[in-house]
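*Asks:* Sequence:
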Amino acid sequence: MLFLSKEKLIQWGDFLKKMRMPTVGFLIGLLNGLFGAGGGIVAVAAFQKIGMTNKQSHATAVAVMIFLSAVSGFLYWYHGYVSVSDVLPYLPGGIAGGIFGGWLLPKIPDFWLKKIFSLFILYAAIRLFFK
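Mapping of the sequence shown onto numbering that gives the first Met the number 0: position 122 corresponds to residue 121, and the numbering continues sequentially without gaps.
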């Protein structure tokens with residue numbers, strides 16, 4: 000039988016708390032690398048789990064995804080899966096949509112933000128399942 004002192008249990012608990020964020024980060028990065036920005040869905044849920052509000056979790060997920068998407072995008076380009084000429088036409092609309100979304104997020108009540116996000120995930124899941 001294994002006996003641990005109270006101090007060892009506290010140290011173990013502290014270690015697990017410290018490892019939670021890098022582990023979640025790894026999972027988010029892995030999903031982003033495999034599925035594009037799909038890691039953002041996991042990021043939002045993980046950030047809510049650690050106590051962030053809906054708006055904080057969405058905004059933090061976007062901030063994290065900027066860096067993860069840049070790394071994944073570079074690797075996709077490096078391996079020949081994407082060309083810059085394919086990306087460029089989407090950038091003006093994407094940037095405008097990002098600005099509008101960043102402006103709109105603080106104006107949407109949390110209740111509706113949850114509903115909209117849930118419907119989006121449900122729609123994406125159903126569409127992917129039947130494709």
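These are computed hints drawn from the structure, not numbers from a lab.
Only a predicted model underlies this, so the values are computations on that prediction, with no experimental measurement involved.
Watch out, some of these pointers could steer you wrong.
[Claimed, not checked] List time: in silico BS3-like cross-link candidates among lysine-lysine, alpha-carbon distance up to 25 Å:
hint	residue 1	residue 2
1	K113	K48
2	K48	K17
3	K130	K106
4	K113	K54
5	K17	K54
6	K54	K130
7	K16	K54
8	K106	K54
9	K48	K114
[What the hints assert, rightly or not] Each pair of labels, with its calculated beta carbon distance range:
hint	residue 1	residue 2	range
10	A69	F14	29 to 37 Å
11	F110	R19	36 to 44 Å
12	P88	E6	24 to 32 Å
13	M18	G96	32 to 40 Å
14	I115	P88	24 to 32 Å
15	S4	D109	29 to 37 Å
16	D13	P88	44 to 52 Å
17	Q10	F129	45 to 53 Å
18	R19	W102	15 to 23 Å
19	I94	Q10	42 to 50 Å
20	E6	F129	51 to 59 Å
21	I120	E6	40 to 48 Å
22	H78	S4	30 to 38 Å
23	G97	D13	21 to 29 Å
Even glycine gets a Cβ: it sits at the ideal position worked out from N, Cα and C.
*Asks:* Indicate, hint by hint, whether the structure satisfies it.
*Replies:* Against the structure, the hints come out as follows:
no. : hint                   : result
1   : K113 x K48             : holds, 14 Å
2   : K48 x K17              : holds, 15 Å
3   : K130 x K106            : violated, 34 Å
4   : K113 x K54             : holds, 10 Å
5   : K17 x K54              : holds, 24 Å
6   : K54 x K130             : violated, 31 Å
7   : K16 x K54              : holds, 23 Å
8   : K106 x K54             : holds, 10 Å
9   : K48 x K114             : holds, 17 Å
10  : A69 x F14: 29 to 37 Å  : holds, 31 Å
11  : F110 x R19: 36 to 44 Å : violated, 28 Å
12  : P88 x E6: 24 to 32 Å   : violated, 60 Å
13  : M18 x G96: 32 to 40 Å  : holds, 36 Å
14  : I115 x P88: 24 to 32 Å : holds, 27 Å
15  : S4 x D109: 29 to 37 Å  : violated, 43 Å
16  : D13 x P88: 44 to 52 Å  : holds, 50 Å
17  : Q10 x F129: 45 to 53 Å : holds, 49 Å
18  : R19 x W102: 15 to 23 Å : violated, 32 Å
19  : I94 x Q10: 42 to 50 Å  : holds, 47 Å
20  : E6 x F129: 51 to 59 Å  : holds, 55 Å
21  : I120 x E6: 40 to 48 Å  : holds, 43 Å
22  : H78 x S4: 30 to 38 Å   : violated, 50 Å
23  : G97 x D13: 21 to 29 Å  : violated, 38 Å
Violation of the numbered hints given earlier is confined to hints 3, 6, 11, 12, 15, 18, 22 and 23; the remaining hints are satisfied by the structure.
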